[in-house]
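Just so you know, the protein sequences line up as chains A and B, in that order. Letter 277 of the first sequence, counting from 1, is numbered 1017 in the working numbering, and no numbers are missing. Letter 172 of the second sequence, counting from 1, is numbered 675 in the working numbering, and no numbers are missing.
Hints in this document: simulated from the structure, not taken from any laboratory. Just so we're clear, the structure is a prediction, and the values are computed from it rather than from any experiment. Cβ coordinates follow ideal geometry from the N, Cα and C atoms, glycine included. A portion of the hints provided could be inaccurate.
Computed footprint of chain A on chain B, listed as stretches where at least three residues anywhere in the stretch have a Cβ under 8 Å from a Cβ of chain A [what the hints assert, rightly or not]:
id: 1; segment: 586-598
id: 2; segment: 601-607
id: 3; segment: 611-617
id: 4; segment: 694-704
id: 5; segment: 741-755
id: 6; segment: 762-771
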Amino acid sequence: MRRYALPLIACLILAGLVLVGILGSRFTVYITMRVMILAIFALGYNLLLGRTGLLSFGHAAFFAGGSYGAALFFIHVNRHPLLCIAAGIALAIVLSVIIGFFCVRHTEIYFAMLTLAFGMMVFSLIWNMREITGGDDGLVGIARAPISLWLVSISLAKPSHYYFLVMAFFMVSLALVYVIRQSPLGLILSGIRENDKRIEFAGISLKNYRLAAFVISGGFAGLAGALATFLNSNTTPFSAHWTHSAEPVLVSLIGGLQTFMGPVVGSLIYVVLREVIERFTQNWMLWFGIILLIIIMGFRGGVVGSMVSLLGLKNRPDERSEGVSA
Amino acid sequence: MLESIVHVCLAGLSIGMFIWLVASGLTLIFGVLKVLNFAHGTFYMLGAYLCYWVLGRMGENFWLGLAIGPLVVCAAGFLIERFFLRHVYHLALPYQLLLTFAFVLIFDDAVKILWGAGSLGSPNVPGLSGSISILGRNFPLYSLFMIAVGPLVALAMWTFLERTWWGRIIRASSSDREMAAALGVRVPALYTAVFVLGTWLGALGGGLAVPYVGLLTPGMGEAIIIDAFVVAVIGGLGSLKGAFFGALIIGLLSSFGTRFLPTFDMFLTFILMAAVLLWRPQGFFGEAK
Chain A
741 MRRYALPLIA CLILAGLVLV GILGSRFTVY ITMRVMILAI FALGYNLLLG RTGLLSFGHA
801 AFFAGGSYGA ALFFIHVNRH PLLCIAAGIA LAIVLSVIIG FFCVRHTEIY FAMLTLAFGM
861 MVFSLIWNMR EITGGDDGLV GIARAPISLW LVSISLAKPS HYYFLVMAFF MVSLALVYVI
921 RQSPLGLILS GIRENDKRIE FAGISLKNYR LAAFVISGGF AGLAGALATF LNSNTTPFSA
981 HWTHSAEPVL VSLIGGLQTF MGPVVGSLIY VVLREVIERF TQNWMLWFGI ILLIIIMGFR
1041 GGVVGSMVSL LGLKNRPDER SEGVSA
Chain B
504 MLESIVHVCL AGLSIGMFIW LVASGLTLIF GVLKVLNFAH GTFYMLGAYL CYWVLGRMGE
564 NFWLGLAIGP LVVCAAGFLI ERFFLRHVYH LALPYQLLLT FAFVLIFDDA VKILWGAGSL
624 GSPNVPGLSG SISILGRNFP LYSLFMIAVG PLVALAMWTF LERTWWGRII RASSSDREMA
684 AALGVRVPAL YTAVFVLGTW LGALGGGLAV PYVGLLTPGM GEAIIIDAFV VAVIGGLGSL
744 KGAFFGALII GLLSSFGTRF LPTFDMFLTF ILMAAVLLWR PQGFFGEAK
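Next up, chain A with everything else stripped away, as it sits in the complex (with noise of 0.2 Å):
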């Protein structure tokens, strides 16, 4: 059974996903593409965090890297959708590089701090650097570009034709982070949050594969920014803002630290919650504040990781409801 459950459940996410695309109105389809762009950012932060066990407040920096670094491509030097989002994602990548190199030599509270330092410095940048930036205006009219690939051309200026690229980036992304956590690689990140002097002993590099899943996870967060930037045909310095960086560790939270579709969940939530909440109120993040509350004090398996036990499924020992250990 077990064996055929994530096939399974990725045709049902696949088709589901697609049915929205055909047959959605305006709104539902923007709203599942803001979902995705979400949970792109949280599945990537998520091995940062639930995997490794490092809480960044800076990973703003990276998904303002991979916003600024297409909307600057566009202006500069090529409309091309896929190429300037391949340039937002590599300079998302070249900043954790950079960042990560310094903020691995750190765990625990002097990491949050470190990152924290890093992604305001990123932000004050962008925010004063007004001739390249834009300053708080951000860039403007970054328009969706057909995509040409030898003879054909696809229109993306639709939403639900744009939807069906980031439908595609969202499949290959949870296809990427599923592979990545099953990995040696995966496995050895686990490790490090369980023991990491175990590891240490074992003659592994702790600094080397925090900074791999640091870099992996700004890569993820450069996706999303560059594909938000296109979404929104803007970008905003507060995209690099320390409160954007909480976002994905709420979204991780809500859905379950410890669980692969944790942060896919808690994005689905925290999005269609938020609209819920705001034609209700205007207060929408004394509601959010309160859930939050609820999930920390009695459920910190988050929604996935609660199901999970609550309908009694075995659990593999990475998977423990418990979340991240102290």
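We have chain A already, so just place chain B on it with the hints.
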């Protein structure tokens, strides 16, 4: 030129003392409870709003507002520690940070509901509202007052922690919780007391900030908490002496930065924070591990 530098220095000192008032409570809580409290900026905001509210009811008396407002915030601090924070001390860092972050979200919106999302103007402080002439230029009297209050609070905290029986108990529990408990200290009650004291300091900083920053906005806590983190890190997490001098450094850096390098003043602050974390993670005044 000299006048200008003197004025930039004075402005820097007042900014520094203003951040110190907020960072002192944050540092005290981290030093004893080992929890980095995101909600500290929220206590600062609540202190400012409640001070404003009380002085509106009590005949525009600023000092009465300052005395009563922060005490009300202490009640919130008590409830948070007693019923929530206490249950996550044994958990990993993300849970502790996010728990305090949840209160940031809740209180930010609560303030919006109670006082509206716009900003409120600040009251006059009798006797301190004007400015005086220093070397031929005007300098706000209230900023001079802040420069005086900062060291006074530092002195009071130092006396309390180093010279009283209560202070000794707090320092003992901070350096070895188990041993203090074994010697009969009721550590959970002490933690609550320290958290409430830290809350009061944060709220007092907010109350004192009311005339200083000029207007109250629901997001004012989020801006100050990052400054307080920077100061706490530069001085050494948990070190009050470090937080005091860290606040002075950041205050001066930011006023000189604004004056001479306006494009990069925020950048300089975070460069300094990262450099300290990389080369001296225990901070300028923290003890080496």
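Problem set entry | Given coverage of the segment 694-704 of chain B by chain A, checked by CB-CB distance under 8 Å (3 or more) | violated (count 0)
Problem set entry | Within 8 Å of chain A's CB atoms, at least three CB atoms from the segment 586-598 of chain B: coverage verdict | It holds, with 9 qualifying residues against the three required.
Exercise. Under a C-beta cut-off of less than 8 Å, do 3 or more residues of the segment 601-607 of chain B approach chain A closely enough to confirm the stated coverage?
Worked result: holds (count 6)
For this session: Test coverage of the segment 741-755 of chain B by chain A using CB-CB distances below 8 Å; three residues minimum.
Result: Result for this restraint: violated, n = 0.
Problem set entry | Three-residue Cβ test at 8 Å for the coverage of the segment 611-617 of chain B by chain A | holds (count 5)
Problem set entry | 8 Å C-beta test of the segment 762-771 of chain B against chain A, three or more residues | holds (count 4)
Violated hints for the displayed structure, listed by number in ascending order: 4 and 5.
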